[in-house]
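Visitor: As a plain string of letters, each chain reads:
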Amino acid sequence: MRRRFFHVLKNLSNVWRDERGTVSIEMALVTLILSAVLFGGVEIMRYGLLRYHLDRATYHAARYLVLNPNATDAARAMVRAEVEHNVLGNADNVQLYAKSARREGRCLLIVETRVRYEIEELNWLLVDPSAESVQVWPQPSGCRELAARPQLPTRTLTPTPTSIPTLAQRVRLDLIEGVAMVNANIRLGPGFEYAIVGRLAEKEVVQVRGRDETATWLQVLPERIGWVYAPLIQIDEPVSSLQIVAAPPLPLRTPAPPARLLLDAVPKVLKVGECAWLRWDTADADFVTLNEKDVALQGEQKVCPTVDTKYVLSASYDQDRFFDREVKIMIYPAGDP
Amino acid sequence: METTKNEWAESPLNTNAIDARVSYLTILKKAVVVFLRLLTAFTVFLVAWSLFDPRFAPLTFLDPRALVLASILLAAGAIDLAKGVVPIEITYPLMLAGIVRAMVVGDPSFLLYWFALAIIYLFNVVGGGDMKLLMGMFGLWPHLEFFIVMEIVIIATHLPIVLYRRLQIENLRAQCRMFFAWVRVKLIDLTIGEATPNDFLRQAIAHCPTSEALSQRGDRLAIAFSLAGIIYLVLMTSAGLNWRLRV
Chain A
1 MRRRFFHVLK NLSNVWRDER GTVSIEMALV TLILSAVLFG GVEIMRYGLL RYHLDRATYH
61 AARYLVLNPN ATDAARAMVR AEVEHNVLGN ADNVQLYAKS ARREGRCLLI VETRVRYEIE
121 ELNWLLVDPS AESVQVWPQP SGCRELAARP QLPTRTLTPT PTSIPTLAQR VRLDLIEGVA
181 MVNANIRLGP GFEYAIVGRL AEKEVVQVRG RDETATWLQV LPERIGWVYA PLIQIDEPVS
241 SLQIVAAPPL PLRTPAPPAR LLLDAVPKVL KVGECAWLRW DTADADFVTL NEKDVALQGE
301 QKVCPTVDTK YVLSASYDQD RFFDREVKIM IYPAGDP
Chain B
1 METTKNEWAE SPLNTNAIDA RVSYLTILKK AVVVFLRLLT AFTVFLVAWS LFDPRFAPLT
61 FLDPRALVLA SILLAAGAID LAKGVVPIEI TYPLMLAGIV RAMVVGDPSF LLYWFALAII
121 YLFNVVGGGD MKLLMGMFGL WPHLEFFIVM EIVIIATHLP IVLYRRLQIE NLRAQCRMFF
181 AWVRVKLIDL TIGEATPNDF LRQAIAHCPT SEALSQRGDR LAIAFSLAGI IYLVLMTSAG
241 LNWRLRV
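From first to last, the protein sequence lines are chains A and B. The first sequence begins at 1 in our numbering and counts up one residue at a time. The second sequence begins at 1 in our numbering and counts up one residue at a time.
Just so you know, the hints here were simulated from the structure itself, not pulled from any lab data. Being a predicted model, the structure only gives us computed values, none of them experimental. Glycine included, every Cβ here is placed at the ideal spot set by N, Cα and C.
The list that follows gives simulated cross-link-like pairs (lysine to aspartate or glutamate, DMTMM-like), each with its CA atoms no further than 20 Å apart:
1. B:K83 x A:E19
2. A:K203 x A:D294
3. A:K293 x A:D281
4. A:K328 x A:D308
5. A:K310 x A:D294
6. A:K10 x B:E212
Pair by pair, the computed Cβ-Cβ distance ranges are:
7. B:K186 x A:E237: 58 to 64 Å
8. B:K186 x A:F6: 31 to 37 Å
9. A:N11 x B:N6: 53 to 59 Å
10. A:A201 x B:A116: 40 to 46 Å
11. A:D294 x B:P160: 51 to 57 Å
12. A:A77 x B:F123: 46 to 52 Å
13. A:D73 x B:K186: 54 to 60 Å
14. B:E151 x A:A74: 43 to 49 Å
15. B:K186 x A:L12: 29 to 35 Å
16. A:E43 x B:F123: 21 to 27 Å
17. B:L28 x A:L12: 33 to 39 Å
18. B:F123 x A:R17: 16 to 22 Å
19. B:K186 x A:A201: 38 to 44 Å
Next up, chain B with everything else stripped away, as it sits in the complex:
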């Protein structure tokens, strides 16, 4: 039996046709996903922008914009906990908003924080997603208060984890004793000329994790950074307690 060309094209046995139909569907799906990601990114950017642009009304107590931004930060932390990545739909718009803010307000001080964060990234202390999230937040709030809030939150969240782990592994007191003995030995080395400050720097750099080690053994703690942003919004801005402006 002879089949026409059109029948063959529509036949389920024709794998080429199946591929063609599937690829169209895939492209459509991809287009929808890209559209949704762009929409998300645009929303994040708009919300971040609305915080500093003078054309928008100043923040008020429990301002919806602050609540939305807090939700976005929380979502970034939650996605990181679940998947180990901080989506670029959140990080890039925040960074872009930081740059726009610097131009609108005329305050390029965010560059200092970005520079410090870039160094931290180069030493593999944080992953790229976390770093971009931090860059975005420091772009929006390049203030010392935010830095202090961030420090307090990170110490409050990270230190117990470190202590717990250390206690699980070995006796903490013995570890501390070892550490101080190490410091004493190194100080003696430095005094008698056995070692130079450059040696210490090299050793410190050698203690930094590699990129692979960070990927394999790093902790998913973007939620801590998000938490710092939310606490800052609640404590320091007029959407919350407004401590910064009250005094």
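Okay, chain A solo, but in the shape it has when bound:
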């Protein structure tokens, strides 16, 4: 071992007198390719490690925030500590956004974290690389405003007007960034009666362009313009601040109906506090949504609405034919006969 070490040293010492400008090009290529593979492998592992620990840290932060809704800074510090401890490099750029949202009468805590994934000195090549993680937790303490809630950064695609309008007049004319909370349908217009023209995956980022008059549908730009049910998109701007976009005319549906597309509610008339069963059967459909949420092709679901509610079952056939069935459950006050 010692002899080999001295042999290596002796070989190295030759370099001072060695002026040869010769290269074994095949070996040089092999060396370079190996070094590139090694570097790439290390970076991929680093990114995977970052994603894994960010998910873990976000889970812990969300659990902590459910119990301590106002401790956003402490949760951010937890995420930073976990990422820093487990992933090489500092994590000064940890961002944590926490917000409460009401979905179907339940109060949810949405915690989103982002860490900038940096390959030092390569930021000129990789445009804004980051790892993100989202956790949605039920909030038993109810929807309270979180302390020091930072705003989600919005990406302005068009120049901001130089004059600043007053708060009452402020209407966003530019695109703002939104995130799909769940898998969602993209429809041709603002309503269940419009055909489905695409799908949004969970956590997919979209550019929100505007809203309908009732602010229940958002016009988004994933690849082409479409409309998505507003409660399924998380944006950090008030929906009312978006510009109103006129709804397109209702398109004509494909005349050939599916062989079986059934939706029924039993009972259809309820008192407040009572529940009904929705049953559906859609043979041969590609996918089915009930009020824009993915459901099985056949199934039943217990619903307990407190106000008159319309349930819309949408089924897709052969990727280009879409059919809806709807059923309305009416509520009578408990005191009525």
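Given chain A's structure and the hints, the job is docking chain B onto it.
Guide: Relative to chain A, chain B alone:
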């Protein structure tokens, strides 16, 4: 006829005197050559140093210092093409500038690249001149961007040469088939325990050329390394497109 001692000393027949006169001339010539080499080395060092020392003005578009350094790198590549050596008047000052830069900037990351280059040298992948040129450039720019530019340039210049040669020798497709068959056999060997990873390492080392083979059959391609340095100067620094700072 008897000659005096002085006449004999000046006689052209006196070979000792001729040797003495010639040796003086040789020493003078050698001194001039050494002086010129030192001057060249000092110039190279000064130019390299001026790139990073805060007392010098930052590089500007088409900065003369960058142009001079590009010329020096080009000269190193051209001399290598002509003679097969990379002159130490260029390589040593660049290396020295790298060390000085590390001290001035407080960034010893060049050591990592030098360590990798030393290993490559020990495996006789590159000659000493090429390695010192690379050490000098990595000393000046111990950045990942430079490494990537170097990789791209080397692959772009070396790969066509390798492919051309292989095509000249034999059918490339047959060679590839042979290579993949070899990989399959080795993987089977590894799976059934006929070979260990150490065996592969030993075989890989055995495939490395010897120092003599490198001297006899190595290619004079320092120009590729020089080209990478010039491209880096043009693309990444403020003497050119300044991509590194713009984003």
